[in-house]
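The whole structure should be built from the sequences, with the hints applied where relevant.
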Amino acid sequence: MASGFRTHDQAGPVRTFFAWLVGIIYFAPVFWIVLTAFKTRADALAIPPKLVFAPTLDNFRAVFFQTSTTGEVTGSGVWLYFANSAFIAGSSVLLALIIGTLAAYAFSRYPLKGNDTYLFVILSTRMLPPIVVIIPIFLVFRLTGLSGSYIGIILLYTGFNLPFSIWMMKSFFDDLNPEVEDSARMDGSGDWSVFGRIALPQVKAGLAATSVFALILTWNEFIFALLLTGPETRTVPVAIASTIGGEIGVDWGKLSAMVSLFLIPVFIVTFALQNQLLRGVTFGTVRK
Amino acid sequence: MNELKLTGLTKYFGDFAAVRDVDLTVKPDEVLCLLGPSGCGKTTTLRMIAGLESATQGAVYFGDRDVTHLPARDRDVAMAFQFYALYPDLTVGQNLAYPLQAEAPTPAESADRLARIAEILQLTEVLDRYPHQLSEGEKQRVAVGRCVIRAPNAFLFDEPLSRLDAKLRDEMRGSIRKILATLDRPTVIVTHDQLEAMTMGDRIAVMRDGKVEQIGRPLDVFERPANIFVAGFIGTPQMNLLKGRCLAVNDTGLEVDLSGQMIRLPSGPFATLPQTGAEVTLGFRPRAAARAQDDAVSLQAARVFLSENMGAETLVHSDWNGQNLRVLAHGPGHPEGQVHDVQVDPADLTLFGADGIRITRKSDKEAA
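Chains A and B, in that order, give the protein sequences.
Just so we're aligned: the first sequence equals residues 1 to 288 in our numbering.
Just so we're aligned: the second sequence equals residues 1 to 368 in our numbering.
Hint data in this document are derived by calculation from the structure and do not stem from the laboratory.
Beta carbons: idealized from backbone N, C-alpha and C, even for Gly.
Heads up, none of these hints are tricks.
Pair by pair, the computed Cβ-Cβ distance ranges are:
| # | chain 1 | residue 1 | chain 2 | residue 2 | range |
| --- | --- | --- | --- | --- | --- |
| 1 | A | Y110 | B | R65 | 23 to 31 angstroms |
| 2 | B | G39 | A | L263 | 52 to 60 angstroms |
| 3 | A | L155 | B | E125 | 47 to 55 angstroms |
| 4 | A | P130 | B | K211 | 58 to 66 angstroms |
| 5 | A | L263 | B | E125 | 44 to 52 angstroms |
| 6 | B | K211 | A | G190 | 29 to 37 angstroms |
| 7 | B | S363 | A | K113 | 54 to 62 angstroms |
| 8 | B | E125 | A | G190 | 28 to 36 angstroms |
| 9 | B | A151 | A | A83 | 51 to 59 angstroms |
| 10 | A | Y110 | B | D319 | 51 to 59 angstroms |
DMTMM-like cross-link-like pairs, simulated, lysine to aspartate or glutamate; straight-line CA separation at most 20 angstroms:
| # | chain 1 | residue 1 | chain 2 | residue 2 |
| --- | --- | --- | --- | --- |
| 11 | B | K139 | A | D182 |
| 12 | A | K204 | B | D89 |
| 13 | A | K50 | A | D251 |
| 14 | A | K113 | B | D15 |
| 15 | B | K178 | B | E159 |
| 16 | B | K139 | A | E179 |
| 17 | A | K113 | B | E53 |
| 18 | B | K365 | B | E223 |
Here is the structure:
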């Protein structure tokens, strides 16, 4: 009933319906990819598309193993790409989180003259599309020998994630009651102790939200990975792209199988942090 | 133990003077209440004592030691904040024990002190809970407990009771007073509530616009307010303040024109007298009107416009020649529109000069 009062009861059937509808629309592409991963080539290309079909694991087999012309079956080396993705994304998100949180705390608690200008300058690096800077970065990487190395791509991703981490974490620190930290100081704590024991535990939700967002961006990044990683440091998005093309055209089944596998780690992390994440993304809206 | 001393303490925020030239001494066994309306600089003064705000000028001493430039963590001062400032990710027990890190007593002694404080403040049951699981009253007790668990150079309380409901506030006022009596350290309480200041402070410092207007024992401040501001700020209901002009002054008395009505006051009790033609303000407490005698000053034909029945007493607001009169009367009655005379004993009148400063009485010295 449209009484105008906000209730804390369960949503009515209409709202439930729309919630489901929106959910399904958002989830449909993912669902379709996972479905295709279990289809044979014929089923995947069938028109009209098939919802009911005999599932097969051939696509997943094709992801992990390759058959040479002599009929010999060997590993496809896809594990390396997954390991690369996990290592590169994990390290750069962690680095960005550590540096970003420290910087955000400093910006929030010890403002400099022209604090807002610094913050704007930091964010401005994210205002241009990455493609604009790709040539200079490519040249810099070639000159410094960072091309194809882990350290190069990790540094690059860390740099990309930093502005976002700083801004996000600063807003969380800004929302804290500074009296709590004053109190800790009066109780004899030094700056590091106030930061580590008092301030940091209060922004757990912010750390979770920031790391998930940064992780998703980094995990999915394609262009820089394509240009700046070598055969040994290649990430999954680049490997996925390389399955497109070839003599049989796009192998939709194999592509979908790889994408499905690629989604799993992000799903797991997001679910693990779900409670914190919800608090994290609604933090500012509730408090202000 | 050492006293707490402020000399010429001043704080500017840009061009704005938040605190101006404050001189105060708080003895080791004394509770001083900083009282004033919001924005008068009382919290800034407290934060300067705490070391959370730097002083623009002046100094803070603990005994002979100048601590003006010491950071908060090295001052060893305990403070209870207005919004409690409990550590949200620590349990009640960890919150209470947090300040002990500075003194680093043995674990056994820590546990002992924690148990004692928890018992006094009835927090034993909730030691394992987190602040967000506590009631408002419990949070307030944790804040107080975290403050008094150690033996610092001074105790500071910022509006300690402002967030409690009326009933809890009455209870806590008593218990805090009891705890403070055992502490033997200089204590400063900031409050905007004059009832809190009157009941909890050994002395009150009334502040306005960053300056201390008057320091004194609660009753002295109540009975002999230094100026019109203090007179109006201390006491509920507020003191009546009537503007007038001094028409004639001689040895036997002074005549004051109050909104066209002539009032005669005996001049004998006053130590000094205003000049003829000077503007004066006559003040008297609403309660004083109720016990008026025959030789009273009579304010005639006041018209009641609001009658607030408070149970045992009624606060009667009347209009008297365009000036507002507040009188406390016994029992109900006094309907709106009624016209009545207000009688005040001349001994209950406070006289303020044109500068707003109270004109002293000869009896002041004996009382003080």
